[in-house]
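The residues making up each chain are set out below.
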Amino acid sequence: MSNQISTPVYLKETASQTAGPYVHIGLAPKQAGFDIFENNFGNVLVGPDTKGERIRIEGRVIDGSGAVIKDVLLEIWQANAAGRYNHPADKQEDKPLDPSFRGWGRACSDFDTGVYSFETIKPGSVIGRNGVPMAPHINMWIVARGINIGLSTRIYFSDEAEANAADPVLNSIEWVERRKTLIAQRSEKNGQVVYTFDVYLQSDNETVFFDL
Amino acid sequence: MKTPTEQFGEFFQRDRTIHPPAYTPGYKTSVLRSHRNALISIPSSLSEVTGPQFSADELGALDNDLILNYAKDGLPVGERILVHGFVRDENGNPVRNALVEVWQANASGRYRHKNDRYIGAIDPNFGGCGRMLTDENGYYFYRTVKPGPYPWRNQINDWRPSHIHYSIQASGFAQRLITQMYFEGDPLIPHCPIVRSIPNEEAIRGLIAQMDRNSFAALDSMAYRFDIVVRGSRATLFENYIQGAK
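If you're matching them up, the sequences are chains E and U in order. Mapping of the first sequence onto this note's numbering: residues 2 to 213, in sequence order. Mapping of the second sequence onto this note's numbering: residues 5 to 250, in sequence order.
I should point out that these hints are in silico values taken from the structure, not numbers from a laboratory. Heads up, some of the hints might be wrong.
Stated by the list, open to error - Per the computed footprint, the stretches of chain U lying under chain E, defined by three or more beta-carbons under 8 Å from a beta-carbon of chain E, are:
| hint | region |
| --- | --- |
| 1 | 14-28 |
| 2 | 41-51 |
| 3 | 55-62 |
| 4 | 137-150 |
| 5 | 197-210 |
| 6 | 215-227 |
Claimed, not checked - List of simulated lysine to aspartate or glutamate pairs, EDC-like, C-alpha gap at most 20 Å:
| hint | chain 1 | residue 1 | chain 2 | residue 2 |
| --- | --- | --- | --- | --- |
| 7 | U | 118 | E | 111 |
| 8 | E | 123 | E | 64 |
| 9 | U | 118 | E | 160 |
Claimed, not checked - Listing some non-contacts, in silico: residues in chain U with all C-beta distances to chain E over 12 Å:
| hint | residue |
| --- | --- |
| 10 | 70 |
| 11 | 78 |
| 12 | 81 |
| 13 | 82 |
| 14 | 105 |
| 15 | 163 |
| 16 | 169 |
| 17 | 172 |
| 18 | 175 |
| 19 | 179 |
| 20 | 234 |
The beta-carbon is built from N, C-alpha and C at its ideal position, and this holds for glycine as well.
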């Protein structure tokens, strides 16, 4: 008989189900068309005191027929301008926390145009596994009707070519061509820095999604 | 000496056999919204083990009371229910301070959403969303009315079983999870193409809330119990060993 005390028993993760077409009711009720909570989570990550370069992340999510999807919900999670996450597991004590930056935001694609956007700051470089620095990046999670389990990807920056070339995660993608799907293109619109990041769910140009 | 694993408290590899695959043609919308390339597997870094933290003062007093949080000139129509349970990780540890968000249709199967055009009636006193943080034991609860089933555009006579949508943010961003809770005894469950996107019977059973008579509020509400498991990490595994060491 096995020793019951030392035999590890693990629970099974709860199974995922699609967020469905009405995800906005729960996670972004104003977009669903009504006002219920006093405090709403949204797509603006910065306040007046947040340190760092102001940027806008903007894009669309496109399905396998080339159609822009208009009922997507996206979340991002990122380090602050110094490259530190606002979370107790981040022990990079040499980098300051920014009390005015949580580093998390939630956005929906517009019901008419399909465009989503985040107002944030450009993150600094975070230390990776085995002490290898990662290029500045933003973690993104995407759910929608027809997506059975949330999709995880990363947004890197087109003006960080050198850091991107040394990034351990980008380099772990065997197909060099596919790495480009994770690079947001920098431009300036009306004096604001905009990074365009379109997500292709299914195509020759399919975005790299990670099994984290 | 710390190994990189201890340093980052990496998550256990996700068991994809208990989750629906991306491409499930019985659920038609998944066909054009599913990736064709394999996911790229990466071990946890700080980007995955960290995640947003929330505090109680960000939520309102009625945010977990769907019976009252949109009541205008009366109470919502429907069976009054309490839903409660524990959020744990794969190690069995309670997950504290997890953000649990829920949304649902009203008793007639209609969502308060500008894109829902089902003939079922809107309930003027029901919004259909709530949110809460788990306590130090990983416990959560909310009050609502039981959602009704409704037809949807898939096959002609596909009806969704009564369900409540859940979104859970635990500690790390890689634990992010969205799912749906069903109700014990609902005859629509085994026919639902969205339920059937999950290829594992035991995993499906894990989404069905059990009626919990011990938690009924006398002459007021029925109760359902729904426990949630999020991914475990090696860091919390070590915590467990230390706590259990003799």
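Tested hints:
Only when three residues or more bring their CB closer than 8 Å to a CB of chain E does the claim for the region 14-28 of chain U stand; here the count is 11, and the claim holds. A count of 10 residues in the region 41-51 of chain U with a Cβ less than 8 Å from any Cβ of chain E is obtained; the coverage claim is therefore met, three being the minimum. Counting residues of the region 55-62 of chain U whose beta carbon lies closer than 8 Å to any beta carbon of chain E gives 4, which reaches the threshold of three, so the coverage claim holds. Counting residues of the region 137-150 of chain U whose CB lies closer than 8 Å to any CB of chain E gives 0, so the stated coverage by that chain is violated, three being the minimum.
With 9 residues bearing a CB less than 8 Å from a CB of chain E, the region 197-210 of chain U meets the requirement of three and the coverage assertion stands. Against chain E, the region 215-227 of chain U contributes 0 residues with a C-beta closer than 8 Å to a partner C-beta. That does not satisfy the three-residue criterion, and the hint is violated. Of the pairs offered as hints, the one joining residue 118 of chain U and residue 111 of chain E holds, with about 13 Å between alpha carbons and a cut-off of 20 Å not exceeded. Distance restraint check for residue 123 of chain E and residue 64 of chain E: the Cα-Cα separation of roughly 28 Å exceeds the 20 Å cut-off, and the hinted pair is therefore not satisfied.
Restraint check for residue 118 of chain U and residue 160 of chain E: not satisfied, since their Cα atoms lie roughly 40 Å apart, outside the 20 Å limit. Look at residue 70 of chain U: its CB is around 10 Å from the nearest CB on chain E, not clear of 12 Å, so calling it non-interface is violated. The claim that residue 78 of chain U lies off the interface holds: its Cβ sits roughly 17 Å from the closest Cβ of chain E, which is beyond the 12 Å cut-off. The claim that residue 81 of chain U is not at the interface with chain E holds, since no C-beta of that chain comes within 12 Å of its own (minimum 18 Å).
Residue-level check passed: residue 82 of chain U sits 16 Å from the nearest beta carbon of chain E, beyond 12 Å. Its beta-carbon lying about 5 Å from the closest one in chain E, residue 105 of chain U breaks the requirement of being farther than 12 Å from that chain. Listed as a non-interface residue, residue 163 of chain U keeps its Cβ farther than 12 Å from every Cβ of chain E; the least gap is roughly 14 Å. Under the 12 Å C-beta cut-off, the non-interface status given to residue 169 of chain U relative to chain E is violated; the minimum distance is some 6 Å.
Non-interface call for residue 172 of chain U relative to chain E: violated, since the shortest CB-CB distance, roughly 8 Å, does not exceed 12 Å. Some Cβ of chain E comes within 12 Å of the Cβ of residue 175 of chain U; the nearest lies about 8 Å off, and the non-interface call is violated. With a least beta-carbon separation of about 9 Å from chain E, residue 179 of chain U fails to lie farther than 12 Å from that chain, contradicting its non-interface assignment. Not every beta carbon of chain E lies more than 12 Å from that of residue 234 of chain U, the smallest distance being close to 7 Å; the non-interface claim is violated.
Of the numbered hints listed earlier, those contradicted by the structure are 4, 6, 8, 9, 10, 14, 16, 17, 18, 19, 20.
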